[in-house]
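Here the structure of chain G is known, so what remains is to put chain X in place on it, guided by the hints.
As given, the protein sequences belong to chains G and X, one line each in that order.
Numbering that gives the first Met the number 0 applies: residue 0 is where the first sequence begins, and numbers increase by one.
Numbering that gives the first Met the number 0 applies: residue 0 is where the second sequence begins, and numbers increase by one.
Warning: the hint list may mix true and false statements.
If you want the footprint, here are the derived chain G segments under chain X, 3+ residues with CB under 8 Å [stated by the list, open to error]:
| # | stretch |
| --- | --- |
| 1 | 162-171 |
| 2 | 290-304 |
Cβ pair distances, simulated, as ranges [as the list claims (entries may be wrong)]:
| # | chain 1 | residue 1 | chain 2 | residue 2 | range |
| --- | --- | --- | --- | --- | --- |
| 3 | X | Met129 | G | Asp309 | 17 to 25 Å |
| 4 | G | Asp309 | X | Asp87 | 51 to 59 Å |
| 5 | G | Arg308 | X | Asp87 | 47 to 55 Å |
| 6 | G | Leu311 | X | Ala68 | 49 to 57 Å |
| 7 | X | Ala68 | G | Arg308 | 47 to 55 Å |
| 8 | X | Ile4 | G | Val224 | 42 to 50 Å |
| 9 | G | Arg213 | X | Phe101 | 53 to 61 Å |
| 10 | X | Arg80 | G | Pro219 | 48 to 56 Å |
| 11 | X | Asp87 | G | Asp305 | 44 to 52 Å |
Far from chain G, by Cβ distances over 10 Å, these chain X residues were calculated [said to hold, decoys possible]:
| # | residue |
| --- | --- |
| 12 | Ile89 |
| 13 | Met106 |
| 14 | Ile126 |
| 15 | Arg128 |
| 16 | Ser154 |
| 17 | Asp170 |
| 18 | Leu178 |
| 19 | Asn233 |
No lab work stands behind these hints, which were simulated from the structure alone.
All C-beta atoms in this analysis are idealised placements derived from N, C-alpha and C, irrespective of residue type, glycine included.
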Amino acid sequence: MGTERTGNTWVWRLRDSVHRFFDSDVFYSFRRSPVNVVAFLVTVVFFVGAFAAPVLAPFNTNDVATLDLMDAFHPPAWMEGGSSEHLLGTDDQGRDVLSAIMFGTQVSLIVGFMSVIFSVVLGVGLGLISGYVGGRTDHIIMRLADVQLSFPAVLVALLLFGFAKAVLPRELQEDVAIYVLIVAIGLSNWVQFARTVRGSTMVEKNKEYVQAARVIGRAPVAIMVRHVLPNVMGPVLVIATISLALAIITEATLSFLGVGVPPTQPSLGTLIRFGNNFLFSGEWWMTIFPGLALVMLALAVNLLGDWMRDALNPKLR
Amino acid sequence: MLAYIVRRLLQSILVLVAVGFIAFSLFTFVGDPVNNMVGVEATDAEREWARKTLGLDDPFPVQFARFAANAVQGDFGQSYRLSIPVVDAISERLPATLELVFVAAVMALVIGVPLGVYTGLHRDGAISRMLLTASLVGISLPTFLIGILLILVFSVWLGWLPSFGRGATVDLWGWESNLVSWEGFRSIILPALTLCLFQLTLLMRLVRAEMLEVLRTDYIKFARARGLTNRAVNFGHALKNTLVPVITITGLQIGSLIAFAIITETVFQWPGMGLLFLQAIQFVDIPVMAAYLCLVALIFVVINLIVDLLYYAIDPRLRLDGAGHAH
Chain G
0 MGTERTGNTW VWRLRDSVHR FFDSDVFYSF RRSPVNVVAF LVTVVFFVGA FAAPVLAPFN
60 TNDVATLDLM DAFHPPAWME GGSSEHLLGT DDQGRDVLSA IMFGTQVSLI VGFMSVIFSV
120 VLGVGLGLIS GYVGGRTDHI IMRLADVQLS FPAVLVALLL FGFAKAVLPR ELQEDVAIYV
180 LIVAIGLSNW VQFARTVRGS TMVEKNKEYV QAARVIGRAP VAIMVRHVLP NVMGPVLVIA
240 TISLALAIIT EATLSFLGVG VPPTQPSLGT LIRFGNNFLF SGEWWMTIFP GLALVMLALA
300 VNLLGDWMRD ALNPKLR
Chain X
0 MLAYIVRRLL QSILVLVAVG FIAFSLFTFV GDPVNNMVGV EATDAEREWA RKTLGLDDPF
60 PVQFARFAAN AVQGDFGQSY RLSIPVVDAI SERLPATLEL VFVAAVMALV IGVPLGVYTG
120 LHRDGAISRM LLTASLVGIS LPTFLIGILL ILVFSVWLGW LPSFGRGATV DLWGWESNLV
180 SWEGFRSIIL PALTLCLFQL TLLMRLVRAE MLEVLRTDYI KFARARGLTN RAVNFGHALK
240 NTLVPVITIT GLQIGSLIAF AIITETVFQW PGMGLLFLQA IQFVDIPVMA AYLCLVALIF
300 VVINLIVDLL YYAIDPRLRL DGAGHAH
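Just chain G, with the same shape it has in the complex (with noise of 0.2 Å):
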């Protein structure tokens, strides 16, 4: 294939690049398991269902000028009583559960992916202050790490929200309340990033190259960021995903309990909770397909971390 390289080389490069992916180690990994192909494709169902909902989506929830009560209570399809146009039913506004879940969704997975970024920029930021400037510096931010870590992210992101609803005016609340769900639980989730990116930071500033850089007299921050912070940036991808499936669970927890994203732009939790109230009446479709979808989403992306994890471990080939 050689002869026809002319004009468009970024094509031929692109192309070189997934040819090299798929004869990789880490792709031969990943075929040889089922599992991880089957959480894989969970994955992407999850997303593409999450993030094309206003075209996929057989109802648009959001909208409240669709909803008709006469739609209520519809249990789902396959059940007496159901309708085909409702596969997995309806809640008790009307609302088609299968649409409110794909919307739920996509409020998950930005919760999750936003707090996750907080944290990785907070965490490896620290880690990397603390393991190259070392000293006093280094002492303060891991005892604060220490104390972090001896309570549950819950409990932390719990104490965050409660301080940010006492201190925000009342009539921001619902606008920001996002925001405040997302910094929460980044910050109650930085630790571990810090501590792995410090560890290695140690490990990489003694080496040839960070010495080079300083004696041609690149700045601290240059060597930090442009020398060390590339090295050091393996395992954070894994704990990154990791951590994504562990903040989808703290924020369906949080919205569960009413303090996470406002009524009016329902997660996985909110749906769980609104659901909740019915289970006694028997409509128990309104709380367990959100629930199933929350599990098995966490699930997969638990499975697929745990996988990277051993993968890109050259200790384990």
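For chain X alone, coordinates are given in the frame of chain G:
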């Protein structure tokens, strides 16, 4: 040993002071304590009087010292929402949470350790594999979902157990208890099961891993060579040597049981401290939030300390090693 205890004590006190500081800043920076005391329509003179009584003009360290002195005596002021002293609100709810946590911890130990031993001894058995897979699913299930599922199965479909509240409690000298009558105990089964399930799977996997490791050691082989019965080897020698990490994890998990009780208590409407705290967050009831925070920090720190000291009682090797390696 003594130096180690003193150092751990100092560390614990430092953590408590830090948490106390956070609680104090909740009071200081959030809301206006003067308005809370005399109302919005008070005159300037009344405000001045309130500022004086509350000591708001004192320097910051003096105010913090006063807060700490009150907190040590258990005085966190009045709850904004309930209009009763915070101490009363919490001491009324404390027994419910402590009983729930106690029953959950006992359940986790009584079920988790034997399952761990079993899966460790029969590592390739069908039942072991099934238990391990089940435990993986158990770890991925969020606490609140487990509670909902248990309610759906055991209360709604089967109708065996009550699904919310404490039911019939018995008054034991001012301590409302669920544990002395069957009627009361029925109510605690589902919440305790919900709360313990995560710890149970954790303990089971931990005991299994430790058992697998210990069973490979020479002293176990030697014990078998001496012709000891299987029971003596498995329980007298192997299990005994897995206990150090088990006790650590159990102790540390009691702290998170108290925190996760917030979720369980919400699902089951269990009138404990966790539910009180959640309502305090929703209504911005700062005195209750601050008091809960300090109380939970105190419990965490005390448990951590006890666990560290227990090491010395359980594992004679640590006593020889010196204090530094006690983690």
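Now for the hints, and whether the structure bears them out:
Evaluation of the coverage hint for the stretch 162-171 of chain G: fulfilled, as 4 residues show C-beta separations to chain X shorter than 8 Å, against a requirement of three. With 6 residues bearing a CB less than 8 Å from a CB of chain X, the stretch 290-304 of chain G meets the requirement of three and the coverage assertion stands. With their beta carbons about 23 Å apart, Met129 of chain X and Asp309 of chain G fall inside the hinted range of 17 to 25 Å. Checked against the hint of 51 to 59 Å, the pair Asp309 of chain G and Asp87 of chain X passes, with Cβ atoms roughly 54 Å apart.
Restraint check, Arg308 of chain G to Asp87 of chain X: a C-beta distance of roughly 50 Å satisfies the suggested window 47 to 55 Å. At roughly 54 Å, the beta-carbon separation of Leu311 of chain G and Ala68 of chain X lies within the given 49 to 57 Å, and the hint holds. The beta-carbon spacing between Ala68 of chain X and Arg308 of chain G, approximately 49 Å, falls within the hinted interval of 47 to 55 Å. Ile4 of chain X and Val224 of chain G have their C-beta atoms about 43 Å apart, which keeps the hinted 42 to 50 Å range intact.
In this structure the supplied range 53 to 61 Å holds for Arg213 of chain G paired with Phe101 of chain X, their Cβ-Cβ distance being about 57 Å. Hint check: Arg80 of chain X to Pro219 of chain G, Cβ distance near 50 Å, so the stated range 48 to 56 Å holds. For the hinted restraint 44 to 52 Å between Asp87 of chain X and Asp305 of chain G, the CB-CB distance of approximately 48 Å keeps it satisfied. Every CB of chain G is more than 10 Å from the CB of Ile89 of chain X (nearest about 16 Å), matching its label as outside the interface.
Listed as a non-interface residue, Met106 of chain X keeps its Cβ farther than 10 Å from every Cβ of chain G; the least gap is roughly 19 Å. Every CB of chain G lies more than 10 Å from the CB of Ile126 of chain X, the least distance being 21 Å, so the non-interface label holds. With a least CB separation of 15 Å from chain G, Arg128 of chain X remains clear of the 10 Å interface cut-off, as annotated. Distance to chain G contradicts Ser154 of chain X as a non-interface residue, since its nearest Cβ pair spans about 8 Å, not more than 10 Å.
For Asp170 of chain X, the condition that its CB be more than 10 Å from all CB atoms of chain G holds, with the nearest at approximately 29 Å. Every Cβ of chain G is farther than 10 Å from the Cβ of Leu178 of chain X; the closest lies at roughly 26 Å, confirming the non-interface assignment. Every CB of chain G is more than 10 Å from the CB of Asn233 of chain X (nearest about 31 Å), matching its label as outside the interface.
Hint compliance for this structure: hint 16 is the single one not met.
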